[in-house]
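Trainee: Residues per chain are reported as follows:
Number of protein chains: 2
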Amino acid sequence: TITTTTITTAPSILQPYWASLQADIEAHLKHVMPYKDPLVVFEPMHHLVFSAPRTTVPALCLAAGELLSGDRHQAMAAASALVLLLAANHTHEQIPSKPKPMSRPKSNTMSFRAFSPGIELMTGDGLIPFGFELLSRSCDSVQENSDRVLRVIIEISRAVGSKGLIDAQYKKKLLSESDGGESCHVERIMDIMEKNEGGLHACGASCGAVLGGGSEEEIERLRKFGFYVGMIQGMVNEGFWEEVEVVKDLAFKELQYFKDNNRDVDAISSFIIHV
Amino acid sequence: TITTTTITTAPSILQPYWASLQADIEAHLKHVMPYKDPLVVFEPMHHLVFSAPRTTVPALCLAAGELLSGDRHQAMAAASALVLLLAANHTHEQIPSKPKPMSRPKSNTMSFRAFSPGIELMTGDGLIPFGFELLSRSCDSVQENSDRVLRVIIEISRAVGSKGLIDAQYKKKLLSESDGGESCHVERIMDIMEKNEGGLHACGASCGAVLGGGSEEEIERLRKFGFYVGMIQGMVNEGFWEEVEVVKDLAFKELQYFKDNNRDVDAISSFIIHV
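Top line first, the protein sequences correspond to chains A and B.
Numbering-wise (the working numbering), the first sequence opens with residue 1184 and increments by one.
Numbering-wise (the working numbering), the second sequence opens with residue 1184 and increments by one.
Next up, chain A with everything else stripped away, as it sits in the complex:
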């Protein structure tokens, strides 16, 4: 089954660590994105950012930054930018190709269209540059981290761009239009998953590692760990239970490196234990 949105939402059993990181990110976003005039701009912006399905991508970014730096908010700029860019993407993905009435559907879901497609399109287009602006502004003259911030901008651009999330969405669109009878159906789902859940979580973890001051080895190991975290979520969603255990083992192997280097991996391991 293919869900409505491409990005997998966070596991339904919310972990205390994940929930607490997510709360910190949202508090930060409310601070940098005040609810002010012109309301015609900020009201849809707020609504679309905070009503978009939550994913574990931004929290994993903070967790990776905390693992390496000991400071929970070290990677806050990247985590916030990821929330904004994923919200923009979700908003645009929901724009109907044919206009629908702006009202609640007859089902019992709470989901309804609060704004017209034109406003959703423009708001999404405003959120994307704002995410990059937040990142650029996070540069700290004391830390002299401008090269790390630029690296994060490249990482995030690629993960959400034409070779990343957009490619996954295009392939998902093709898949949903096919009859699903081909032998390569599972391969196609996995291919989409690698760029969607896998690629986004790999990006989140590697950005956290970059801003956390990680070495190349630490960044690449956390990138792999993030990829596995995303793949596990995608596989659980698709019911590929057999593969889940294999990937969990791979993820633990990446964390073992940090454990061997006297890092406390308890918190970040919750991203794979409680799936």
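No wet-lab data here; the hints were simulated from the structure.
In this text the structure is predicted, and so the values were computed from the model without any measurement.
The beta-carbon is built from N, C-alpha and C at its ideal position, and this holds for glycine as well.
Warning: the hint list may mix true and false statements.
When the alpha-carbon atoms are kept at most 30 Å apart in a straight line, the in silico DSSO-like pairs for lysine-lysine are as follows [to be verified]: (1) 1407(A) with 1442(A); (2) 1407(A) with 1354(A); (3) 1356(A) with 1213(B); (4) 1442(B) with 1407(B); (5) 1356(B) with 1354(A); (6) 1356(B) with 1219(A); (7) 1219(A) with 1346(B); (8) 1407(B) with 1356(B); (9) 1442(B) with 1431(B); (10) 1346(A) with 1436(B); (11) 1356(A) with 1436(A); (12) 1346(A) with 1213(B); (13) 1213(A) with 1346(B); (14) 1436(B) with 1219(A); (15) 1356(B) with 1442(B); (16) 1354(B) with 1407(B); (17) 1407(B) with 1219(A); (18) 1346(B) with 1431(B); (19) 1356(A) with 1442(A); (20) 1346(A) with 1436(A); (21) 1407(B) with 1407(A); (22) 1442(B) with 1346(A); (23) 1354(A) with 1346(B); (24) 1354(B) with 1356(A); (25) 1346(B) with 1356(B); (26) 1431(A) with 1442(A); (27) 1442(A) with 1346(A); (28) 1431(A) with 1407(A); (29) 1356(B) with 1213(A); (30) 1354(A) with 1442(A); (31) 1407(B) with 1436(B); (32) 1213(A) with 1354(B).
The following residues of chain A were derived to be distant from chain B, with all beta-carbon distances above 12 Å [said to hold, decoys possible]: (33) 1279; (34) 1439; (35) 1449; (36) 1450.
Stretches of chain B that chain A covers, calculated by requiring three or more beta carbons in the stretch to come under 8 Å of a beta carbon on chain A [as the list claims (entries may be wrong)]: (37) 1313–1324; (38) 1338–1349.
Got chain A sorted already, so can you dock chain B onto it with the hints?
Mentor: For chain B alone, coordinates are given in the frame of chain A:
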């Protein structure tokens, strides 16, 4: 009269200097954005970037960089990013709120929809991060210009974002839905022009100045010059001839500062002489 697109296209009398800068930017874009597999991604990307109406914003960015550094390609990354972001914006602006047939209209214009709205939406969403990626990648370890690149990312994010171009487009939408009879009609058009043509050209010129190694004074003077260049274009489009001469004088005054400092302003002054 309100034109279809928000961004004013380049003057119909193409100046040799503008045309030559524009050609350099497009050659650079073809180099960094090769026409390759997957064609489903790169074909619409190419089409939408190179078929979007050309504006003088990216060329002014190069011109400002050349004025200060003597190197015509010093601000190429910012100029290229501006082309991509403005193309994405134009693409999204053309998406109909109601589906239209993908065919040539009955008029004699060459304009027709080559791709479905869904593809246009996704392609635009891919172009925006790619613009920021190009900028971040342009960082030069020899020049140690990462702080200048980050500053340019902030400038561009703001100019195209919710308080810049998106705001202008929203206000234009409201204006087109009103009957146009109010006394404040001209003020509203000017307000839109300030964020659209004015703000975008101010951004182009200031980004060129930042990457050209300009001082704060040089950056701010070129920002003002760019703003006037954009306003002149907008006023010419609207037929506000009386104001044009006043603004031209203001623009020349900004250039006088550079002339007094032994800069050759002949080339960049073509942006106001030949309007």
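Trainee: It remains to establish, for every hint, whether it holds in the given structure.
Mentor: Each hint tested on the structure:
1. Distance restraint check for residue 1407(A) and residue 1442(A): the Cα-Cα separation of roughly 16 Å lies within the 30 Å cut-off, and the hinted pair is therefore satisfied.
2. For the suggested pair residue 1407(A) and residue 1354(A), the alpha carbons sit about 23 Å apart, so the restraint of at most 30 Å is met.
3. Proposed proximity of residue 1356(A) and residue 1213(B) is supported: the alpha carbons are some 28 Å apart, at most 30 Å.
4. Pair hint residue 1442(B) plus residue 1407(B) holds up; C-alpha atoms about 16 Å apart against a cutoff of 30 Å.
5. Between residue 1356(B) and residue 1354(A) the alpha-carbon distance is near 33 Å, which puts this suggested pair outside the 30 Å criterion.
6. At most 30 Å may separate the alpha-carbon atoms for a hinted pair to count; residue 1356(B) and residue 1219(A) meet this at roughly 21 Å.
7. A C-alpha spacing of about 12 Å is found between residue 1219(A) and residue 1346(B), which places the hinted pair at or below 30 Å, so the restraint holds.
8. For the suggested pair residue 1407(B) and residue 1356(B), the alpha carbons sit about 27 Å apart, so the restraint of at most 30 Å is met.
9. Between residue 1442(B) and residue 1431(B) the alpha-carbon distance is near 16 Å, which keeps this suggested pair within the 30 Å criterion.
10. Between residue 1346(A) and residue 1436(B) the CA atoms are separated by roughly 46 Å; this puts the pair beyond 30 Å, and the hint is violated.
11. Restraint check for residue 1356(A) and residue 1436(A): the C-alpha separation of about 35 Å exceeds 30 Å, so the hint is violated.
12. Between residue 1346(A) and residue 1213(B) the CA atoms are separated by roughly 17 Å; this keeps the pair inside 30 Å, and the hint holds.
13. Proximity of residue 1213(A) to residue 1346(B) is assessed by CA-CA distance (about 17 Å); at most 30 Å being required, the pair is judged to hold.
14. Between residue 1436(B) and residue 1219(A) the CA atoms are separated by roughly 37 Å; this puts the pair beyond 30 Å, and the hint is violated.
15. Between residue 1356(B) and residue 1442(B) the alpha-carbon distance is near 41 Å, which puts this suggested pair outside the 30 Å criterion.
16. Restraint check for residue 1354(B) and residue 1407(B): the C-alpha separation of about 23 Å stays at or below 30 Å, so the hint holds.
17. The hinted pair formed by residue 1407(B) and residue 1219(A) meets the criterion: a straight-line CA distance of about 28 Å does not exceed 30 Å.
18. For the suggested pair residue 1346(B) and residue 1431(B), the alpha carbons sit about 26 Å apart, so the restraint of at most 30 Å is met.
19. A threshold of 30 Å between alpha carbons decides the hint, and for residue 1356(A) with residue 1442(A) the separation of about 41 Å lies outside it, so the pair is violated.
20. Annotation: proposed proximity of residue 1346(A) to residue 1436(A) holds, straight-line Cα distance about 28 Å (limit 30 Å).
21. Between the alpha carbons of residue 1407(B) and residue 1407(A) the distance comes to roughly 48 Å, so the proposed pair goes past 30 Å and is violated.
22. For the suggested pair residue 1442(B) and residue 1346(A), the alpha carbons sit about 46 Å apart, so the restraint of at most 30 Å is broken.
23. Between the alpha carbons of residue 1354(A) and residue 1346(B) the distance comes to roughly 34 Å, so the proposed pair goes past 30 Å and is violated.
24. Proximity of residue 1354(B) to residue 1356(A) is assessed by CA-CA distance (about 33 Å); at most 30 Å being required, the pair is judged violated.
25. The suggested pairing of residue 1346(B) with residue 1356(B) holds, with an alpha-carbon distance near 15 Å, which does not exceed 30 Å.
26. Distance hint between residue 1431(A) and residue 1442(A) is fulfilled; the C-alpha atoms sit about 16 Å from each other, no more than 30 Å.
27. For the proposed pair residue 1442(A) and residue 1346(A), the alpha carbon gap of about 33 Å is over 30 Å, so the pair is violated.
28. At most 30 Å may separate the alpha-carbon atoms for a hinted pair to count; residue 1431(A) and residue 1407(A) meet this at roughly 12 Å.
29. A hinted pair counts as satisfied when its Cα atoms are at most 30 Å apart, and residue 1356(B) with residue 1213(A) qualifies at roughly 28 Å.
30. Pair hint residue 1354(A) plus residue 1442(A) does not hold up; C-alpha atoms about 38 Å apart against a cutoff of 30 Å.
31. For the given pair, residue 1407(B) sits about 10 Å from residue 1436(B) by alpha-carbon distance, which is consistent with the 30 Å threshold.
32. A threshold of 30 Å between alpha carbons decides the hint, and for residue 1213(A) with residue 1354(B) the separation of about 25 Å falls inside it, so the pair holds.
33. A beta-carbon of chain B is positioned within 12 Å of the beta-carbon of residue 1279(A); the least distance is around 10 Å.
34. For residue 1439(A), the condition that its CB be more than 12 Å from all CB atoms of chain B holds, with the nearest at approximately 33 Å.
35. Residue placement check: residue 1449(A) keeps its beta carbon more than 12 Å from all beta carbons of chain B (closest about 34 Å).
36. No Cβ of chain B approaches the Cβ of residue 1450(A) within 12 Å, the least distance being about 30 Å, so the stated non-interface status holds.
37. Counting residues of the stretch 1313–1324 of chain B whose CB falls under 8 Å from any CB of chain A gives 7; the rule of at least 3 is met.
38. Using a Cβ-Cβ cut-off of 8 Å, 8 residues of the stretch 1338–1349 of chain B lie near chain A, which meets the minimum of three, so the contact claim holds.
Figure legend: structure checked against the earlier numbered hints; hints not met, in rising order: 5, 10, 11, 14, 15, 19, 21, 22, 23, 24, 27, 30, 33.
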